[in-house]
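Residue numbers (the numbering used here), protein chains in the order written: chain A, 42 to 1053; chain B, 9 to 139.
If you're looking for bench data, these hints aren't it; they were derived computationally from the structure.
The model shown is predicted, which means the values in this text are computed figures rather than measured ones.
Treat the hints with care, since some could be wrong.
Computed Cβ-Cβ distance ranges for the label pairs, DEER-style [to be verified]: (1) A:GLY975 <-> B:ALA128: 44 to 50 Å; (2) B:ALA128 <-> A:ASN977: 33 to 39 Å; (3) B:GLU91 <-> A:GLN756: 54 to 60 Å; (4) A:HIS887 <-> B:PHE40: 27 to 33 Å; (5) A:GLU979 <-> B:PHE40: 57 to 63 Å; (6) B:ALA128 <-> A:SER818: 55 to 61 Å; (7) B:THR54 <-> A:HIS887: 35 to 41 Å.
Ideal Cβ placement from N, Cα and C applies to all residues, glycine included.
These are the residues of each chain, in order.
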Amino acid sequence: MPINNKNTLQHEFGDLLKKEGDFLSPNQENFTDGIWCWNLKNPEKGGISYKLSELLGYTSTSKKVIGVNFLSLINMKDLVLIQDACKRHINDSAKHPLNIDIRLNHLKGYSLWFNLRGNLILDESGDAHALLGSAFSIEKYKENERQLTDWKEHYKNVVKGANIGIWEGNLKTGNIVCNERWAEMFGYTLAELEPLNYGTFLKLVHPEDNKLIDISLENHVKESGIYEVEFRMQHKMGHWVWVLSRGEISKYNAEGIAEIVSGIHYDISSRKANEILLEKYKNLFERSSEAAKIGYWEVDQQENIVFWSKVNKQIHEVSEDYTPTLEAGLDFYLKGENRERIKKIVSQSLEKPIEFDEHLQIKTQNGNLKWVRVIGVSEHIANKCVKLYGLIQDIDEIKKVQLEIRFREEQFRQTFNHSAMGMALIDGKNKLIKANKRFCHIFGYTEAELQRIDLELIAYPDDLKLNRSYIKELFLGRHKYIRLEQRFIHKEGSVIWANISMSAIHNDQGDIIHFVSQVQDITKRKQNEILLAHNTDIMKRINEAAKIGIWELDLGTNTVYWSPTIKKMVKVPEDYVPALEEVYPFFQEGEHREVLIEAIKTATEKGEGFDLELQVVSTDQTVFWSRTIGIAEMVNGVCTRLYGFFQDIDEKAKATRELAVKEEEFRRSFKHAAIGMLVIDLQGRLSKANPRICEILGYSETEVLEKTIFDLAHQEDMGRLKGMLVEIECGGQVSFKLEKRCVHKNGDYVWVNAAIAAVKNDAGKVTHLVAQIQDISDKKQLTENLTEHNNRLINFAHIVSHNLRSHTSNISMLLDLAFQEDPNVIKNEYYRNIKVVSDNMNETIHQLSEIVEINSQVSSTLSSQNLLKRVHKAMKTVEPLVKKNKAIIHVDVADNINVLAVHAYLESIILNLITNAIKYRSPERLPELKIAGGINGEYAFLSFEDNGLGIDLERYGSRLFGMYKTFHSHPEARGIGLFISKNQIEAMGGRIEVESELNKGTKFTAYFRFVL
Amino acid sequence: MKINTICIIDDDPIFVFGSKILLRNNNFASDFLVCQNGQEALDVITPLIESEEGLPELIFLDLNMPIMDGWEFLDEFAKLPLEKNIRLYILSSSVDSRDIERAKKYGTVNGFIVKPLTDAKIKELAQEIDG
């Protein structure tokens, strides 16, 4: 052993490494994963070769040995192990070579398995100086070993007690190793199947299933999953046995290629085997599923036994000794949908073999609601259900989380869809994914349209230029969200102002998946802003137009600043700056000027402002009214500033003064009017009354002002008054004339003629009513008397006509009898004259009673009559007369006029007027009559215009319609027709008018009330 | 229908005198029962109902009469337990339509004849009764 270069560890190790090279064959060297060295005197010190250091995470530039703290290199758990091994080796290196598997710490904190082999190195004195050796990484092997241990354990468990076939196949050689049981499944012994390999096995497999196994195995090798396949194998006796084969790669070769596959075979054709397996599984489940809260249940239809596992009972929150029944079990399901569902499934399961997997809600023994997952299988033999079994899992939390997520999604969806704000999802390429209704509405496009177009197209180009880079930065992820106020173009071309906020949505990886954009239409607000700016500008202009100027008194120089508006008003040059004294003469000499001087004095001394309306005289001697407002600023009792406004209010002032005059006029006329006057508010309260009205009603002014018009009106006029107020309120008629009764203070009724007018303010709104009231009691009384008089007259006429008739009829009867008895009596002249008198008398009395008739019962017999029809009817009646006289009649009457009339009267009137026209024709020309009808205001009219003799109206006008008046020396003129017609027309509420010119013609126009 | 007896209820002797002659001349009736007013007529007719002899086949009734006028008579007449149908005509000098309308409301009234009574009116009446 060389002892040079022992001063430094580095050298020593270098030497040692060289040394090592001597006794380690190059082959071996290649196989090592590195060389290590450990100083036994200073256990912290050690070195490792480059290869090993690299494995442990060190980075070194030179491919040399590096120094390490060897103690910290070794995993703490293995430190004692290696120390013991070293001690043994030092004591007896021949008997105990150093060969140990330990973990070394990687720089990153984890540890790796290494196999360390080493030799003792002695110093000159023969003492143990250091250990030097090689390291082999056994990480992979260790890992395999660990897996193997696990697998072995598992394997043992599986095999233990299970009567199942076990197999192990070598993928390279095709050799298969199986246990006896495996062979027994098919009726063989292992010996009988020798040599057992993949080929032998496949020969036993049903030809149709060969491929299945190949594929499954191949997939398994590729994907490292579990190999599981069901297939048929031929029994020694010739029948097929259904087998479930499961397997796993159990060993890989050094290159990591699968080498050994091993597994088990279950005979699944045998129900017995199945049951055993199930039993086994049940136990397994019982143990393994407790943590997963999976319970097992079984309904044995044959034995009529229901079994619930412990976990199942826990799920239902029943005690462990609970004995379940099928019915009770079903009743745990929540009444309604859930219970109906499980009952339906169970009844289906009892009918035919099915499998089910349901999520349902139960109500536990303790009354808790929870979601469970129920998986079940029904087993049938000979069409009869023998067994129902399955699993039940408490998925309440899972379900709740699922529901919660769904709820949140729904919530978002709802918010999105119904938000009052426009909302949209936009992808990273500025393409719309989804937009809500409001969003579409703001821009005027449909969602589909927006999805198609480039969203930049709807942005206002100028604004987009400004904001583009900002938006880009968002897309690049430099901002989490951005807010913009910019313009867009509506589909219809209008410009919209919108508030946009866009935020990036990240997935759990932190990548941007899309953007949410919220849009608010602020066009209105924006428009208002613009409008405001505009208005401010207008305001300035208006000030000028309204002739408002600003002035300020500079107390230092005693000069006054006038704004240009003032200068214009008083007509001075723009550079005019008056001293205070020079201002005064602009105010009208006398009262006006004195008031101003006094006001300014008070303002400067006491700080009192002023607001005065004064007359001003401009330089060209025009006088106008002004309003001068002064505001004084005082600091410590001293006026520092006096300023204010100056306005030309000439027009306003004049108007105000004019108004005052008008008011005075009104007041005077109101007071001294010869008729009663009242001012009434819209509720009917009296707010003003003049002396005359007080006189009419007998109240003092104060008394009358406590009344309303309703207090003063006669009961029967109430309705009309109320109607009038409503009418005025509705903005209908604004003036009324009423003849009504008022109540005098002493309780008497006073007949008045009231003219009521609504007064409107400048806004066109009715503010109050003015009533002019005239006492017409005397007049009314007269009318009443007249009516009574008339009635008496009619009665008188009635009685006279009636009683007279009995006498005249007797006379004519007696004359008839006398004539019958002696026809010669006719020769007696007295008799003949008496006969004439009697006939005349009869006729007179007949006409008299006709007239009396007219006024008696009209109102009850009035009915709607078509004017044109009546005219036609009458024309038919007079046809012979018309023909005989070769008269021409033109009719121009609308067919839709219906008048209110007594049928017989109307006919008689028309007949009378037609026959009159023909009767009083001119001998110089053929008679021609124009009958015209129509509506004229509140009446329907029917006129008869002839070309006949005409009437001298100046002479006869007043007597035209009188009784027994004739104006022609016509033999047939009896002087009764017009009288009767007039009476009939008037009785029906109409009137008759006449126009005539001698020898030209006459026009009678009859007016009737008409029916709408 | 043969008219034997006519009852004329009227307070005007001249009218009654004339009517009798006219009716006789026209062979309308031979016997006349004349009453001055409604009350008198009732007093005459009521006893005749029981005996059933001499009851008039026709009544001419005036309206304006003293004591009991034509209207009052009509009201009472309706109450009589008559088995035999008696035709009743109002024979009045009234041409008032109110009277004519009012008369129509009485089921016992067969017609309204306006005075004076003439040959023409009698012939018309005779036709009506026969037809």
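Problem - Index of numbered hints that the structure contradicts, given in increasing order - result: 2
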